[in-house]
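This is what each chain is made of:
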Amino acid sequence: MSSSTILLPGQPLPSSLTAPPLPACGSGCYESNGRILASIVGIPRRDGSVVSVIGREESGNTPDVGSVVSRLTPQQAHLTLTTSNDRPLPETSEEFQGVIRISDIRLTERDKIKMGECFRLGDLVKAKVLSLGDARSYYLSTAANELGVMYAVSEAGNPLLPVSYQEMEDELTGTREKRKVAKPEGI
Amino acid sequence: MATAFDRRRIPAPEISIPPIYEPLLDGEAEAGPSKRVDRANDEARPIFLKTGLISQANGSGYIESGGVKIACSVYGPRPKAPPYTPQGTLNLEVKFAPFASDPRGAPLRDTEPIHLSQLLTQSLIPAIQLDQFPKSSIDIYLLILESDTPSNVLSAGLTVSSAAIADAGIAMNGLGTGSVVLTDQNGEILVDPEESEEIALQSQAQAQGQGQGQGQGNGAGKLLVGALPALGKVTNLYMEGEVEVDQAIQMIEKAIAASRDTHTVLAQSLLEGALERGIGGEA
Amino acid sequence: MAATMAAQSTAGPSAPAPAPAPANSAPAASAEVFKKLHPSQYLSRFLNKGYRPDGRKLKAWRDVSINVGSVSTAHGSSLVRMGDTTMVCGIKAEIAEPTAQAPNEGYVVPNIDLPALCSPNFKPGPPGDEAQTYSNWLNDLLVSSSTLPPSSLVIASGKAVWVIYIDVVCINYDGNAFDAAVLAVMAALKNTRLPKAKYDEETARTICSRTEIYPLQLGSIPLSCSFGIFDSTHLLPDPSSYESPLLPTTISIALDEDNNACLIRQEGLGGTQGKTGERVLGEAWTIAEGRIKELREILEESSI
Numbered sequence: 001m002s003s004s005t006i007l008l009p010g011q012p013l014p015s016s017l018t019a020p021p022l023p024a025c026g027s028g029c030y031e032s033n034g035r036i037l038a039s040i041v042g043i044p045r046r047d048g049s050v051v052s053v054i055g056r057e058e059s060g061n062t063p064d065v066g067s068v069v070s071r072l073t074p075q076q077a078h079l080t081l082t083t084s085n086d087r088p089l090p091e092t093s094e095e096f097q098g099v100i101r102i103s104d105i106r107l108t109e110r111d112k113i114k115m116g117e118c119f120r121l122g123d124l125v126k127a128k129v130l131s132l133g134d135a136r137s138y139y140l141s142t143a144a145n146e147l148g149v150m151y152a153v154s155e156a157g158n159p160l161l162p163v164s165y166q167e168m169e170d171e172l173t174g175t176r177e178k179r180k181v182a183k184p185e186g187i
Numbered sequence: 001m002a003t004a005f006d007r008r009r010i011p012a013p014e015i016s017i018p019p020i021y022e023p024l025l026d027g028e029a030e031a032g033p034s035k036r037v038d039r040a041n042d043e044a045r046p047i048f049l050k051t052g053l054i055s056q057a058n059g060s061g062y063i064e065s066g067g068v069k070i071a072c073s074v075y076g077p078r079p080k081a082p083p084y085t086p087q088g089t090l091n092l093e094v095k096f097a098p099f100a101s102d103p104r105g106a107p108l109r110d111t112e113p114i115h116l117s118q119l120l121t122q123s124l125i126p127a128i129q130l131d132q133f134p135k136s137s138i139d140i141y142l143l144i145l146e147s148d149t150p151s152n153v154l155s156a157g158l159t160v161s162s163a164a165i166a167d168a169g170i171a172m173n174g175l176g177t178g179s180v181v182l183t184d185q186n187g188e189i190l191v192d193p194e195e196s197e198e199i200a201l202q203s204q205a206q207a208q209g210q211g212q213g214q215g216q217g218n219g220a221g222k223l224l225v226g227a228l229p230a231l232g233k234v235t236n237l238y239m240e241g242e243v244e245v246d247q248a249i250q251m252i253e254k255a256i257a258a259s260r261d262t263h264t265v266l267a268q269s270l271l272e273g274a275l276e277r278g279i280g281g282e283a
Numbered sequence: 001m002a003a004t005m006a007a008q009s010t011a012g013p014s015a016p017a018p019a020p021a022p023a024n025s026a027p028a029a030s031a032e033v034f035k036k037l038h039p040s041q042y043l044s045r046f047l048n049k050g051y052r053p054d055g056r057k058l059k060a061w062r063d064v065s066i067n068v069g070s071v072s073t074a075h076g077s078s079l080v081r082m083g084d085t086t087m088v089c090g091i092k093a094e095i096a097e098p099t100a101q102a103p104n105e106g107y108v109v110p111n112i113d114l115p116a117l118c119s120p121n122f123k124p125g126p127p128g129d130e131a132q133t134y135s136n137w138l139n140d141l142l143v144s145s146s147t148l149p150p151s152s153l154v155i156a157s158g159k160a161v162w163v164i165y166i167d168v169v170c171i172n173y174d175g176n177a178f179d180a181a182v183l184a185v186m187a188a189l190k191n192t193r194l195p196k197a198k199y200d201e202e203t204a205r206t207i208c209s210r211t212e213i214y215p216l217q218l219g220s221i222p223l224s225c226s227f228g229i230f231d232s233t234h235l236l237p238d239p240s241s242y243e244s245p246l247l248p249t250t251i252s253i254a255l256d257e258d259n260n261a262c263l264i265r266q267e268g269l270g271g272t273q274g275k276t277g278e279r280v281l282g283e284a285w286t287i288a289e290g291r292i293k294e295l296r297e298i299l300e301e302s303s304i
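So the sequences go chain by chain: A, L and S. According to UniProt numbering, the first sequence holds residues 1 to 187 in order. According to UniProt numbering, the second sequence holds residues 1 to 283 in order. According to UniProt numbering, the third sequence holds residues 1 to 304 in order.
Take the hints with a grain of salt, since some may be wrong.
Stated by the list, open to error - Across the chosen pairs, the derived CB separations fall in these ranges:
{"#": "1", "chain 1": "L", "residue 1": "E242", "chain 2": "S", "residue 2": "A100", "range": "24 to 34 Å"}
{"#": "2", "chain 1": "L", "residue 1": "I114", "chain 2": "S", "residue 2": "G282", "range": "48 to 58 Å"}
{"#": "3", "chain 1": "A", "residue 1": "E146", "chain 2": "L", "residue 2": "P83", "range": "27 to 37 Å"}
{"#": "4", "chain 1": "S", "residue 1": "S40", "chain 2": "A", "residue 2": "Q166", "range": "28 to 38 Å"}
{"#": "5", "chain 1": "A", "residue 1": "Q166", "chain 2": "S", "residue 2": "G282", "range": "30 to 40 Å"}
{"#": "6", "chain 1": "L", "residue 1": "I125", "chain 2": "A", "residue 2": "G34", "range": "49 to 59 Å"}
{"#": "7", "chain 1": "L", "residue 1": "G278", "chain 2": "S", "residue 2": "K49", "range": "43 to 53 Å"}
{"#": "8", "chain 1": "S", "residue 1": "K49", "chain 2": "L", "residue 2": "K233", "range": "22 to 32 Å"}
{"#": "9", "chain 1": "L", "residue 1": "D6", "chain 2": "S", "residue 2": "D140", "range": "15 to 25 Å"}
{"#": "10", "chain 1": "S", "residue 1": "N104", "chain 2": "L", "residue 2": "S196", "range": "40 to 50 Å"}
{"#": "11", "chain 1": "L", "residue 1": "S55", "chain 2": "S", "residue 2": "N136", "range": "41 to 51 Å"}
Note that these hints are calculated values from the structure, not bench results. Everything numeric in this text was worked out from a predicted model, so none of it was measured. Every residue gets a Cβ at the ideal spot worked out from N, C-alpha and C, and that includes glycine.
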């Protein structure tokens, strides 16, 4: 692809993509005085009634995040965010923090949930961002089949493999531990 | 001169002075301040600009413009400490390498960078879509490796910051560029003045301050314009000196014309950088 | 778990080797994510295949380039690239009165700065721990090897001496800052020219010539080589910023022209499996001798 199709911030999207009815702005662009302009360096694209500019990194509105459990209380799990939409977050001296409240762990049987049976410290958790949350943390949710613990280590220190939606098994000793397990892809 | 002893650096003698040179002989040319060569009065200074050289940063730029060399890196969006802010916060820091100026700039004693940081921040805020980055911060660091005049540092600094922000993929309304224009004592408008031209302006201002020639001539002054040339917008005006209103408007127009030239160079280097980043290569 | 991994890494040092397959327990994670979440396993899989994550061979050093004299506001300067690590060194000379205790000695003031610009892990503000450590090492190195003898910096005994400010600033921090900084300092010192200075007894002022300049009188030129030890198994030369936090042991060896040691530092437990700390240090020394010879050639070429 030649460089002529790459747009720069402030440059209008080509008229072929913005033909009436005026499309809505997706990511990487904005509307100004009835024109749609790029806001990042990237390639313009139209999907139905939405135009967007695709740059170095795609970002959705409610990203999936990978996160590591850093602190647990009976009411909520505190996590450190590490990845967003399967891409590592930029390296920084301080990391983004997230919180999963006990009511956002599962879809069902919410009143019976015990924090200790869902997450342990150091677990790698896949979650969805619910909202910007409070001053410190984003609010996250694992209330979906494909969300939850993706990688964990047993009390004996060996990797755990998922065996059901709420249990994982030690590869070597066969001991089972409870978790809110993310459904592995492709199953 | 009771400066606190700095334990974090290797100690230096309390007082040291830059070399003093013997007086010039008659007819000897001084190899001092740079002069305007090979460009017209209303022509922008040629620049060299490259993005993406600092691999550790999310986005970066390096600019050479006359006697100025600046490296700039952008980190972000980064998590911001409470309190919650609905908009992103822009942190910008200008730092001079100790060898970047004449005389040497000792660490801690210099206040010039603070002023430059403020002016650059004001010029850049309208260019960045900070509402896209709630409770995050965008950190921009400029390191001056070589400098001649503060106004050249400012205009090059603004251009290289824009390049680095765009390289980082951070949403912007448009690309900001900086340019400086000066009206000399003859009423001539000079775009991107050289050091010699700024010194001439300063000495004239001093002469006026002493009551000589006041009220005569056209007045003289210096103007920094931060602009978003693609949108036809101005983001910052900063003027020193004294000129007629008509003259000031002319200065703005010349500055914007010059910033379009800079914008062309900026756009070219961003397109090259985008190809190196693999934008457009995939999909 | 490592046994179930099918890592394939066949690319030569010129092209970055493909990342090993991600952990089977996290199939959705791309190589980049795996790299971030399990750095130690990521590194270990590369090393077991004989490569480093940036594509070089296990014991390879990164490419080095030196440019000198590009900073016009300095009396001497250099830009050194070691892989992606980039250092700029500028030397400024000023004039001061010597101390009463040492009337025939000038001052040498070396400092290394690792500003927030060069890495996401550094904060703005005064020099951090790492920068302070390196500044002290650099100072020790220059003093112990008399690279720039203070006695060579006298303009008039007891009245005026040169102060040589050596400032190294990192622009891009991809590990092994100390080796790059030392190389930058040596290149800049060789590039430095001072004006001929004369002290005037009557006015008590020092006046410098506009036409006559001379180079510094340099003693020995030490150069440094640094290593890290991973998992008590691999001795890795020239660690990158990704590898550095995973290397509990680091070794730095600086040698002069005759391969005499000017500085040896080891932090952390020495030795690897089956080898004593002494033997590993000796191994590092031998590697360093070869590498420093190469660096000297690059340094010589840069100053022509």
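Taking the hints in turn, this is what the structure says about them:
{"no.": "1", "hint": "L:E242 / S:A100: 24 to 34 Å", "verdict": "52 Å, violated"}
{"no.": "2", "hint": "L:I114 / S:G282: 48 to 58 Å", "verdict": "52 Å, holds"}
{"no.": "3", "hint": "A:E146 / L:P83: 27 to 37 Å", "verdict": "35 Å, holds"}
{"no.": "4", "hint": "S:S40 / A:Q166: 28 to 38 Å", "verdict": "29 Å, holds"}
{"no.": "5", "hint": "A:Q166 / S:G282: 30 to 40 Å", "verdict": "55 Å, violated"}
{"no.": "6", "hint": "L:I125 / A:G34: 49 to 59 Å", "verdict": "24 Å, violated"}
{"no.": "7", "hint": "L:G278 / S:K49: 43 to 53 Å", "verdict": "25 Å, violated"}
{"no.": "8", "hint": "S:K49 / L:K233: 22 to 32 Å", "verdict": "54 Å, violated"}
{"no.": "9", "hint": "L:D6 / S:D140: 15 to 25 Å", "verdict": "19 Å, holds"}
{"no.": "10", "hint": "S:N104 / L:S196: 40 to 50 Å", "verdict": "41 Å, holds"}
{"no.": "11", "hint": "L:S55 / S:N136: 41 to 51 Å", "verdict": "27 Å, violated"}
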